[in-house]
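Note that the protein sequences, when read in sequence, are chains E and D. The opening position of the first sequence corresponds to residue 1 in the working numbering, with each subsequent residue numbered one higher. The opening position of the second sequence corresponds to residue 1 in the working numbering, with each subsequent residue numbered one higher.
If you're looking for bench data, these hints aren't it; they were derived computationally from the structure. This structure is a prediction, so every number in the text was calculated from the model and none was measured. Among the hints, erroneous ones may be present.
[Said to hold, decoys possible] Below 16 Å or equal to it, Euclidean Cα-Cα: the simulated EDC-like pairs (lysine to aspartate or glutamate) are:
1) E:Lys425 <-> E:Glu379
2) E:Lys352 <-> D:Glu53
3) D:Lys352 <-> E:Glu6
4) E:Lys352 <-> D:Asp308
5) E:Lys425 <-> E:Asp445
6) E:Lys175 <-> D:Asp245
7) D:Lys175 <-> E:Glu379
Number of protein chains: 2
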Amino acid sequence: MQNSLERQDLREIGHAAVEWAAAYYDSLRQRRLTRPTTAAAVRAMLDPALPREGCDFSELLQAIDGVVAEYSRHNAHPRFFGYVASPGVAVASAAALIAATLNINVTGWRSGPVAAEMEHLTVGWLKEMIGYPADAMGLLVSGGSMANLSALAAARAVRGCGPVYTTEETHFSIKKAARLLGMGPVRIVATDSSLRMDPAALTRAIGHDRAAGLAPSLVAASAGTAGTGVVDPLAEIARVARAHDLWLHADGAYGALAAMAPSARPLFAGIAEADSVSLDPHKWLYLPVGTGCVLYRDSAAARAAFSDTAEYIRVIGLEHDEAFAFWDYGPELSRPFRALPLWMLVKSVGAKALADCIEENLASARYFGELVSKTEDLELLTPVGLSVFCFRYHPRGFLGDLDALNERVLLRLQQSGSSYLSNTKVRGAFALRGCVLNFRTTRRDMEILLEDVITAARSL
Amino acid sequence: MQNSLERQDLREIGHAAVEWAAAYYDSLRQRRLTRPTTAAAVRAMLDPALPREGCDFSELLQAIDGVVAEYSRHNAHPRFFGYVASPGVAVASAAALIAATLNINVTGWRSGPVAAEMEHLTVGWLKEMIGYPADAMGLLVSGGSMANLSALAAARAVRGCGPVYTTEETHFSIKKAARLLGMGPVRIVATDSSLRMDPAALTRAIGHDRAAGLAPSLVAASAGTAGTGVVDPLAEIARVARAHDLWLHADGAYGALAAMAPSARPLFAGIAEADSVSLDPHKWLYLPVGTGCVLYRDSAAARAAFSDTAEYIRVIGLEHDEAFAFWDYGPELSRPFRALPLWMLVKSVGAKALADCIEENLASARYFGELVSKTEDLELLTPVGLSVFCFRYHPRGFLGDLDALNERVLLRLQQSGSSYLSNTKVRGAFALRGCVLNFRTTRRDMEILLEDVITAARSL
């Protein structure tokens, strides 16, 4: 006799889920970006009791439609510009269903021969997309924080626990990883007028620590900061790192895949020199959250950090080996089939379409920068960096607190539900900040954003 | 004008994906469990070139059907007994599609109000299922290795980096986490005749280290070992840990959810005393890989380990707070919507059906143990622990190398494609090992397994 789990019919519930999800994608432009609520209100809408008996799938879809979707922020909306948000894409939705059904546990080759090979293959594509050496190794992780943690662990294995150099613009996961791994102290290197790491200041900081008897271990550069989209001068930093025998990690979680766009490619010329790179296909390849990647030039360093044997042994031809185990190169043992959505996306649309979308995202951000420059009472706070723009409302003759004023503009804008920005600080000043990371976003959306900002500002 | 990503129609590709996935589930019993291949052969079947242009979804489905599914191991097959494998379930396949479509990034409440509340709610269910205090906090992580790493980091924050106590039966991710976090040395505590940690030996080991001037930090007990299904005497170990002011971590990645089954519940009586627990809904709740959970009795310890401020500050009422951030309690920032498949599964079938399935898995393993005991030339190497059975082929009068003989039996069995076991060592002896973790597995499947083992053994 079948139990109730076995009786579930994927045809019935799967097709209903597809209809719901397709309608959700179709509804994006008509949706409010957020709907204000409270924790208590949400809890009241979700029955908290552990259910003893089951319910119909239609009831679940009703709750997903009426509660989950209704009170969530819509990261796939073409005018969601907050943070660094993946928008989701139809083929990845289908891929997620297939991956969950096959449910391959990609611990290593033995447990998933095709999944392991597909991961090697797609990681190879990522290397090609950003111009990283083809003989580097890499693996998919859950996101940028895990990629940074993995890279720092590999650095620690061969460069020790000494001082780590980065800038104030760097993502906080670098500091968090250093703390978990017992590396440090973390030195904040000065930036130039464009908020890029100053190689001369880096050299001085390293010299200072060496003179004090410390053994510097790692430079963490940014290949696209989340705050302002700045790419550190990677080639120059690589020269400093090499001269002083430090590991260079490039955090490209947000930015590295912009190397696919011809207009941004030169910024990433030095990324091939980095000892490790973080990049997130769940950012600029538009994939669902949970698909990050770490690349290592020297796979033996990663192996020294993660392998049970801890021996610093170079394995020859490992990507061709049926004995290959991902757990030797990263923190996880069980690993979902992250390569499948990545493979299906790239195969289904091709690299050119992805590069075109990224280029268009960059162009949309620059276009918005131009709109701001031409608009009375708005000012750009820093040049548009990759697809990030930072600006503020500054009415002529206003002598009050600009930070407080712009906080109010931001809240009013977010409440409008039509466009969504988040905030950052640029040289201490409160900035309205947006990031274009959605293939659905058009130039017209940038114009609507401008109108929405002006409306919010004028309404105060 | 729409770009090619935007033109993708989820109705078209989603329904095709559902039909394929439903047919895959239907085909399980007819499939060979594995199909022998090589890395080179798989690579030859997957076109490695980065595609410039896209292709039809039907081409992708063909490759998924003819290559990915064909040459993968079928963890959902009712006679896949290797390792500790999640079998996948239809409602979770549909949930994965919905989660990828909504694509909520569950960093904290602000980015996903409903997703955050649903995570608190489902983690609450998990606590209830295993009998852990309702006021503990917890979060979903990618699996057991990350849960163990998170728990050890919390322990380190309040108990320091000193010696860690565990047994030889413990999962290797404990040692791996200790090494990443700079904790240790790791002491291997003796086990009793049932392979359970010996509390007296633990007391002696702690005393020895204290006498040597070390500051013991943590005991890592197993709430169901992956090798033999042993549950350490948690209540007694908790008394020792408390008496010596050590953190007690219970690794229940495989086993803890067996507490839902009345016949196993008493084994977990002491789990409520643990300071932290790992458990994997992607094991005994049958969910797809990527859904683990860590529980902390003292949320402030986790906060001290992971929060940017690193202050040991108890936050009051945090699960009710709109300012709640998961990144303060775990290693990730971006986090997929892991709670959705968990919520949809429990809602759709109810806790009773899940408990019944787990109980039936335990009963199937015990039934197989009885079959082995009654079968000439087979011997159990240790009592059935939870749903794990370890045995070997031992023909009467055989005087050769039993380990080598059983390795050959295992390979022959795996090649048959009808039943799949993996291997372990039991007190140094090579064991054929199986773990029942699939709601599709019946008593009849256990009988077929027995026949397959005998056929494999006799064919040598």
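Okay, the hints, checked on the actual structure:
1. E:Lys425 <-> E:Glu379: Holds. E:Lys425 to E:Glu379 sits at ~14 Å (cutoff 16 Å).
2. E:Lys352 <-> D:Glu53: The given pair, whose Cα atoms are some 6 Å apart, holds under the 16 Å limit.
3. D:Lys352 <-> E:Glu6: Holds. D:Lys352 to E:Glu6 sits at ~14 Å (cutoff 16 Å).
4. E:Lys352 <-> D:Asp308: It is violated: about 40 Å lies between the C-alpha atoms, which goes past 16 Å.
5. E:Lys425 <-> E:Asp445: violated (24 Å)
6. E:Lys175 <-> D:Asp245: violated (30 Å)
7. D:Lys175 <-> E:Glu379: violated (54 Å)
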